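**Q** What follows is each chain in one-letter form.
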Amino acid sequence: MNRHEQFAQALLTPGLPCPDGLFSRNGADPASRFAVYRNNVHSSLINALADSYPVTQQLVGEHFFRAMAGLYIQAYPPISPLLHDYGSDLADFIKGFAPAADVPYVADVARLERLRISAYHAIDTPVANPHAVVNQLQQLSSLGNVRLQLHPCVATLRSDYAVVALWAAHQTTDPVARLDPWHGQSALVLRNGLEVEVFCIDSGCVTFINSLNNDWPLEMAMAYALDAASEFDLHQCLGLLINHRAITQIKVHP
Amino acid sequence: MTLSSLPDVAQAQAPGLPRRAGLGLKSEHFQQVLATLPDIGFFEVHAENYMVAGGPFHHYLGLIREHYALSLHGVGLSIGGEGPLDHAHLARLAALVERYQPHSFSEHLAWSSHGPVFLNDLLPLAYDDATLKRVCEHIDQVQSTLKRRMLLENPSTYLLFQHSSLDETDFISEVIQRTGCGLLLDVNNVYVSCINHQQDPLAYLNALPLHSVGEIHLAGFAEDADSLGDRLLIDDHGAPVDNAVWQLYQQALQRTGPVATLIERDNDVPAFSVLHAEARQADQHLLAAAVHP
Chain A
222 MNRHEQFAQA
232 LLTPGLPCPD
242 GLFSRNGADP
252 ASRFAVYRNN
262 VHSSLINALA
272 DSYPVTQQLV
282 GEHFFRAMAG
292 LYIQAYPPIS
302 PLLHDYGSDL
312 ADFIKGFAPA
322 ADVPYVADVA
332 RLERLRISAY
342 HAIDTPVANP
352 HAVVNQLQQL
362 SSLGNVRLQL
372 HPCVATLRSD
382 YAVVALWAAH
392 QTTDPVARLD
402 PWHGQSALVL
412 RNGLEVEVFC
422 IDSGCVTFIN
432 SLNNDWPLEM
442 AMAYALDAAS
452 EFDLHQCLGL
462 LINHRAITQI
472 KVHP
Chain B
2 MTLSSLPDVA
12 QAQAPGLPRR
22 AGLGLKSEHF
32 QQVLATLPDI
42 GFFEVHAENY
52 MVAGGPFHHY
62 LGLIREHYAL
72 SLHGVGLSIG
82 GEGPLDHAHL
92 ARLAALVERY
102 QPHSFSEHLA
112 WSSHGPVFLN
122 DLLPLAYDDA
132 TLKRVCEHID
142 QVQSTLKRRM
152 LLENPSTYLL
162 FQHSSLDETD
172 FISEVIQRTG
182 CGLLLDVNNV
192 YVSCINHQQD
202 PLAYLNALPL
212 HSVGEIHLAG
222 FAEDADSLGD
232 RLLIDDHGAP
242 VDNAVWQLYQ
252 QALQRTGPVA
262 TLIERDNDVP
272 AFSVLHAEAR
282 QADQHLLAAA
292 VHP
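Protein sequences, first through last, are from chains A and B.
Just so we're on the same page, this note's numbering is the position in the first sequence counted from 1, plus 221.
Just so we're on the same page, this note's numbering is the position in the second sequence counted from 1, plus 1.
In case anyone wonders, no lab produced these hints; they're calculated from the structure.
The structure displayed is predicted, hence computed values, not measured ones.
Some hints here could point you the wrong way.
DEER-style ranges, computed between Cβ atoms [said to hold, decoys possible]:
(1) A:Gln-470 to B:His-60: 45 to 51 Å
(2) A:Asp-241 to B:Ala-36: 53 to 59 Å
(3) B:Gln-144 to A:Arg-246: 31 to 37 Å
(4) B:Asp-171 to A:Asp-241: 48 to 54 Å
(5) B:His-198 to A:Pro-347: 53 to 59 Å
(6) B:Gln-251 to A:Gly-282: 44 to 50 Å
(7) B:Ala-95 to A:Ile-471: 34 to 40 Å
(8) A:Gln-470 to B:Asp-130: 55 to 61 Å
(9) A:Arg-246 to B:Leu-38: 44 to 50 Å
(10) A:Ile-471 to B:Ala-36: 32 to 38 Å
(11) A:Asp-345 to B:Ala-95: 18 to 24 Å
(12) B:Gln-32 to A:Ala-319: 41 to 47 Å
(13) B:Gly-239 to A:Asn-366: 55 to 61 Å
(14) A:His-474 to B:Ala-36: 30 to 36 Å
Glycine included, every Cβ here is placed at the ideal spot set by N, Cα and C.
I would like the entire structure built from these sequences, with the hints used as guidance.
**A** Encoded structure:
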């Protein structure tokens, strides 16, 4: 085993002894100094995850979160120096993490926090002026051959839990009325200018947005949305996308 | 020693960063910096933080770059790594250099990746011929890809390797001589390493190729103790610059003359005004070094 291999394994695995060939000039046990590196690696990565998942941490508590993050790091150390991407699958880990089984909504809150990070750093693309979008849509004679292109930051999340309410309750220091996490909610995440915004949307709106993102024409997206939820309100959903600058382009193919 | 006896200093810096104090740019300070345009010599950013597609980081850095000199500081290239440099990462660095035209690019004498795993720490190297050859090849590759001279930062370390055959200062001198890169003199790292390894910081400083210094870093450290209860200093960038480091900085400036100086703070980041006050303190030392070389 080469030197860095042994060093790296000992850093990631707390039970392993300090690597060979190290010393301290004062004669101190090298393990007491190797511990500094091991602590730097673990604490900096745990801090990176805590920065990415602040609400997840609040829901399970700091002690629980740091212990869980430590196990995640041992199982899945970063494979890129771009730490904003690190832990993008933490929600899957939480879902399979037995000690978190009593709080099954936490994994979905982690998914929501990950979508917010992705939206924050998403590529910059010019968006259409809301008035221009409305004017153009009003002049269309048919929706069958119209496609709405959404900004790459736009994402949705379906959850069996009150994922948006849980997240929103931790955005304020005001005391929140006791909330019931045990009912399903869906989220729309987008970046409006420089601000990431989160909305609670209905199942039809999720289907509508996902259909647009899959390049279905407006008419088909509407049909799918009504299939998913008969109460789907096109004007409300479209208004949300237009007013929060989520539409980059209207494409009409004759 | 006087400034006039160090003819290489000006050459080492030009056309680099202004010989002023600078600050690390924190996202929580973006708006305040743009709104108030404080009198700061330059800003430094960690390159990896800006390796994102779009959004507020690029928006604000683009605007701030219009007003300030910029230092791009890498923390993830793993120049001392046993394997080849990560080509994709080097390409991302080149794209950032192209986009923001920084006045300086710097990286560390350390390794942080092994195989596919990124360890997110600046890990120590054994100073032997094999490491020297590898580090020089990697620096050559960086400089030819980025089409510019880079600065290499001296490390803070907590351990030594039995099979090191060169002193750290000799190793750094040799790398600089072979590659033509400059030195990012981290005075806090000098102090931290020297306390940890029972060396005289001034002797260490004097053994470095100070004619190649293109930038200085100052930061705070944390105190710990090893198995013998001896002081073990940890370079955590989480505290104000220590008095001992300010003193060593003044001694360094007597040897280098005024050099762009960064106040580094990455943890427990205080209000901008607190960092600005530390920058002003560095500016006063720079002024004194210019007036009384």
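**Q** Taking each numbered hint in turn, which are not upheld by the structure, reported in ascending numerical order?
**A** Hints 1, 4 and 14 not satisfied by this model.
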